Structures are given as structure tokens and as C-alpha cells.
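Novice: The primary structure of each chain is shown beneath.
Number of protein chains: 2
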Amino acid sequence: MSISSRFAVGIHILALIEINKDGVSTSDFIAGSVNTNPAVIRKIMGMLKNAGLVKVRPGIAGAQLAKNLSDITLLDVYKAVNVVQEKELFSIHENPNPDCPVGNNIQDAIIPLFENAQTALEKALGHITIEDVVRDLIDKENFENKKRSN
Amino acid sequence: MSISSRFAVGIHILALIEINKDGVSTSDFIAGSVNTNPAVIRKIMGMLKNAGLVKVRPGIAGAQLAKNLSDITLLDVYKAVNVVQEKELFSIHENPNPDCPVGNNIQDAIIPLFENAQTALEKALGHITIEDVVRDLIDKENFENKKRSN
DNA sequence: ATTACATGTAAATATAATTGTTACAGGTAA
DNA sequence: TTACCTGTAACAATTATATTTACATGTAAT
Numbered sequence: 048m049s050i051s052s053r054f055a056v057g058i059h060i061l062a063l064i065e066i067n068k069d070g071v072s073t074s075d076f077i078a079g080s081v082n083t084n085p086a087v088i089r090k091i092m093g094m095l096k097n098a099g100l101v102k103v104r105p106g107i108a109g110a111q112l113a114k115n116l117s118d119i120t121l122l123d124v125y126k127a128v129n130v131v132q133e134k135e136l137f138s139i140h141e142n143p144n145p146d147c148p149v150g151n152n153i154q155d156a157i158i159p160l161f162e163n164a165q166t167a168l169e170k171a172l173g174h175i176t177i178e179d180v181v182r183d184l185i186d187k188e189n190f191e192n193k194k195r196s197n
Numbered sequence: 048m049s050i051s052s053r054f055a056v057g058i059h060i061l062a063l064i065e066i067n068k069d070g071v072s073t074s075d076f077i078a079g080s081v082n083t084n085p086a087v088i089r090k091i092m093g094m095l096k097n098a099g100l101v102k103v104r105p106g107i108a109g110a111q112l113a114k115n116l117s118d119i120t121l122l123d124v125y126k127a128v129n130v131v132q133e134k135e136l137f138s139i140h141e142n143p144n145p146d147c148p149v150g151n152n153i154q155d156a157i158i159p160l161f162e163n164a165q166t167a168l169e170k171a172l173g174h175i176t177i178e179d180v181v182r183d184l185i186d187k188e189n190f191e192n193k194k195r196s197n
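Line order of the protein sequences matches chains G and A.
All you need for my numbering is the position in the first sequence, starting with 1, plus 47.
All you need for my numbering is the position in the second sequence, starting with 1, plus 47.
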């Protein structure tokens, strides 16, 4: 099992809008960078829009960030693109046997433990911003270019 | 997306073996408590066995724990039942465009962030033992019985 | 040895999620 | 009106999950 790449693509989209801020970031343009179909980008973009992370309007080419780079955390993106439902990172078997002391209580016993672990994950995502990602991308690209010019 | 319930079932199995330690925990018996097919239990049990968490032998009825309760963490179970591959909790889109500064570096930028979050999750699981779960199960069952006798 | 019953495991199925594709309705501006 | 964009739905291909069925293999008691 793996969490949908919509999350990674969402991060990609936001970083690309920033780095291409002097250009026009259409779904076609973004799809070319992500290497997927423009409709996929538009769908994810719609989710980012609903979450208040980007501004984009029907008929008008290009998307813009709706917040400061440093005010968008990975957790915001993760929630926006809906890759994991609240409290449902881990699934639990349904209908354990209520006539068994274990079956009767296992769900109540496990649920808070799973929620705890999920919270730890999400907290970690909340500490990183898109600004961090963009900075890293620029550093890496500069380093690449420097290597190439040698 | 959700992490397979094999994890929750694995925890259920181990707790049940402990609580039924004076009885014989066959795959049929366990399946009755989990409320699933015995073949499912045998498959998961095989994984727990490979991970050194339970002792079970072909032809001989019943499973036993292979370690102390307090020496089995939820992380051990999680790894045993193979619900999330190493470093692959989050998936990343493949083949982003190498001719774009974002596409060219996004994977390297994101991977360590994702690994970090996954580690936070797993660390949380490492702090809980099956002993904790069993204690909670017993508490909950006692409380249930007390209510019923009133 | 045969019987009874357990585990180990593979194959087949149903269900659901992910990703990509195509198509088209509707918005905007030159 | 034309050209191009976003928004969205329908469809297919792929993959993972969960369950069921079946059977080979191991063990022990009669």
C-alpha cells in the first residue's frame, strides 16, 4: 500500500507555480513538467483551489498561489488532495466477534493507538513548507548547472 | 487509501494468543474471533512466524508467542505483516520532465521529506507494545462485565 | 498404516482505488 | 465568432485487498 502520488504532484504543482511566477502556468504547461495528462492536473488543481491554496478561474489561463509560500505546509497540501481520510490511515477489520473478550474490545483498544501514529505523521508534514521545498529545488538546480559548466 | 487491516488483524492475533494462553489457538479459533476465513489467519500467521513473533508448526494445532509480550511492539507487527514497504509509504509520480528545473529535482527534494514523515509514524508505533494492548483489552472487558452485573 | 485434523500455500474471485485518457460543457478575451 | 482555457464526467487499465476454495503436507492417536 502506498499513499496516492496526488500528494507529490500537488507539491510539484505549487512549487512550479512559484518558480514559473513570471510565466503563465496552464494545466498543459504543468502537465508537461509533471509528465501526465492535463486533466489530471486540473483535477488536483481543483482540490488545491477548494483548499484555498491556489487561485485559478475557468476560461482564464494560468494559476497563482493564494497564500505566501511560507504559509503553505505539506500538511495543507496533503489534506487538500485528500489522500488520507481523517483517522483512517490505518484500516481495522470490521465485525470482530463480540462474544470474545478480544474481539469485543480490539477496535476500541486499537483506534486511539492508530490515531496517535497518524497524528505523528501529520505533525511531521506540518513542519515543512512549500518555501522549504522551493529553496531546495533552486539549490539543487544551481548545483546541477555548476557541475555541467565544469 | 488506507493501510491494510492485516496490521490490525496481526495485533488481534497476538493479543488473542496471549489471552487464550491456557487454550489452543488454532487458525479456526482465531478466525472465529477476528471473524474472517482461517486461510487469512494462516497467511498472516506465517508472516508473524517469519518475523519471529510466533511459534507455529505444520500439523500441530495452536500457536504460541515467540517473545515476551513487552518485547513485541506495534512496529514489529507492522513490519512483520508487510503493510508498508520501506521508504514507500508515500508514492511519487515517476518520470517528471528532466528539462524543467522542478521536474528535474522534485523527486530528490521530496523523498527525504516523505521518509522523515514515515519515520515519525513508525517511531510512534515503536513505543507501544502488545502488552499495552492486552492490558487495555482486559481493563475494557472487566469494565464491560461490571456494567452488565449492575 | 489409516484416520482425523492441523498448517502451508496457491489459485480464483469480487471489490475498490489509482492513474490515465477522451470528450465535452462552459468561461473569457481578442 | 474564434481560439483557448478550465471544470468535470465517463471509461478503461492496472493494481491491491480481502475472501473463498482446494489441496498438499505434517503430526499424532488409534
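Bear in mind the hints are in silico, worked out from the structure with no lab data behind them.
Check before you lean on any hint, since a few could be wrong.
Note: identical chains are not told apart, hence a pair may lie in one copy or across any two.
As the list claims (entries may be wrong) - Calculated lysine-lysine pairs in the BS3-like style (CA-CA distance at most 30 Å, straight line):
| # | residue 1 | residue 2 |
| --- | --- | --- |
| 1 | Lys114 | Lys194 |
| 2 | Lys134 | Lys187 |
| 3 | Lys193 | Lys102 |
| 4 | Lys194 | Lys134 |
| 5 | Lys194 | Lys96 |
| 6 | Lys170 | Lys194 |
The model shown is predicted, which means the values in this text are computed figures rather than measured ones.
Novice: Each of the hints needs a verdict: does it hold here or not?
Specialist: Evaluation of the provided hints:
1. Lys114 / Lys194: neither (34 Å within a copy, 53 Å between copies)
2. Lys134 / Lys187: Between. Shortest inter-copy distance 22 Å satisfies the 30 Å Cα cut-off; intra-copy 36 Å does not.
3. Lys193 / Lys102: neither (35 Å within a copy, 57 Å between copies)
4. Lys194 / Lys134: Close across copies (29 Å), not inside one copy (45 Å); limit 30 Å.
5. Lys194 / Lys96: Close neither inside one copy (38 Å) nor across copies (50 Å); limit 30 Å.
6. Lys170 / Lys194: neither (36 Å within a copy, 38 Å between copies)
Hint check: violations occur at hints 1, 3, 5 and 6; the rest are consistent with the structure.
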